[in-house]
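> Residue numbers (the numbering used here), protein chains in the order written: chain A, 23 to 135; chain B, 77 to 190.
FYI, nobody ran anything at the bench for these hints, they're computed from the structure. Where a beta carbon is used, it is the ideal one built from N, C-alpha and C, also for glycine. Possibly wrong hints are sitting among the right ones.
[As the list claims (entries may be wrong)] A few chain B residues facing chain A, derived, Cβ under 8 Å:
| # | residue |
| --- | --- |
| 1 | P115 |
| 2 | P151 |
| 3 | A158 |
| 4 | P159 |
| 5 | F166 |
| 6 | Y179 |
| 7 | F181 |
| 8 | S183 |
| 9 | L187 |
| 10 | V190 |
[To be verified] With a Cα cut of at most 35 Å, we get these calculated DSBU-like pairs of lysine-lysine:
| # | chain 1 | residue 1 | chain 2 | residue 2 |
| --- | --- | --- | --- | --- |
| 11 | B | K85 | A | K25 |
| 12 | B | K90 | A | K134 |
| 13 | A | K74 | A | K25 |
| 14 | A | K134 | A | K91 |
Below are the chains, spelled out letter by letter.
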Amino acid sequence: LAKTTQPISMDSYEGQEVNITCSHNNIATNDYITWYQQFPSQGPRFIIQGYKTKVTNEVASLFIPADRKSSTLSLPRVSLSDTAVYYCLVGDGGNTGGFKTIFGAGTRLFVKA
Amino acid sequence: NAGVTQTPKFQVLKTGQSMTLQCAQDMNHEYMSWYRQDPGMGLRLIHYSVGAGITDQGEVPNGYNVSRSTTEDFPLRLLSAAPSQTSVYFCASSPRQGASYGYTFGSGTRLTVV
Chain A
23 LAKTTQPISM DSYEGQEVNI TCSHNNIATN DYITWYQQFP SQGPRFIIQG YKTKVTNEVA
83 SLFIPADRKS STLSLPRVSL SDTAVYYCLV GDGGNTGGFK TIFGAGTRLF VKA
Chain B
77 NAGVTQTPKF QVLKTGQSMT LQCAQDMNHE YMSWYRQDPG MGLRLIHYSV GAGITDQGEV
137 PNGYNVSRST TEDFPLRLLS AAPSQTSVYF CASSPRQGAS YGYTFGSGTR LTVV
């Protein structure tokens, strides 16, 4: 299982771009990188997923360098409602038996007015 | 489309009592799993299932049992509740086994064992 390392917390101000980096040095060839967002008292919510290079959707962008040993979640122009915990997950496409999805402690993002 | 439904939302148990946390999904997802989240912590995997009739242990399975008799339901049983099991429990599902498929989470069950 690929272990991930993220900053414990980050602060930002409204309107700024926030970049959260996740390290996954032992990522396997068939592993995908997925980010989730969790608000207090709610379950995590899927934000974005990628395998390599760059992925963009209406919520965020995900940058993955060629060696795939890290990834960066980019949130453009954050608002107060983006205050949440963000989890980086690395796992395979289900080709191995006994697959387990492991969440780390996540990054607590606090957006200030 | 209800997604993943967990019941109850809140529960208080006495030490030694048993109970079942319910989880149901209406998306015909093959993969379902249970996590617990302690205050200020990430999620830890308890048990998971890759299809009806198939279950396996996660990181912290002790004290919990699961079964998967149908695709839709994946109940989590606490055999003899202990204060260490005080936590928020989340059920999740995905179309297939594997992290390349996004997980849908329920809203959680907040359990207190006194």
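> Hints first: check each against the structure and report whether it holds.
Going down the list of hints, with the structure as the test:
no., hint, in the structure
1, P115, "violated (11 Å)"
2, P151, "violated (17 Å)"
3, A158, "violated (23 Å)"
4, P159, "violated (21 Å)"
5, F166, "holds (5 Å)"
6, Y179, "holds (6 Å)"
7, F181, "holds (3 Å)"
8, S183, "holds (6 Å)"
9, L187, "violated (14 Å)"
10, V190, "violated (21 Å)"
11, B:K85 x A:K25, "holds (31 Å)"
12, B:K90 x A:K134, "violated (41 Å)"
13, A:K74 x A:K25, "holds (18 Å)"
14, A:K134 x A:K91, "holds (31 Å)"
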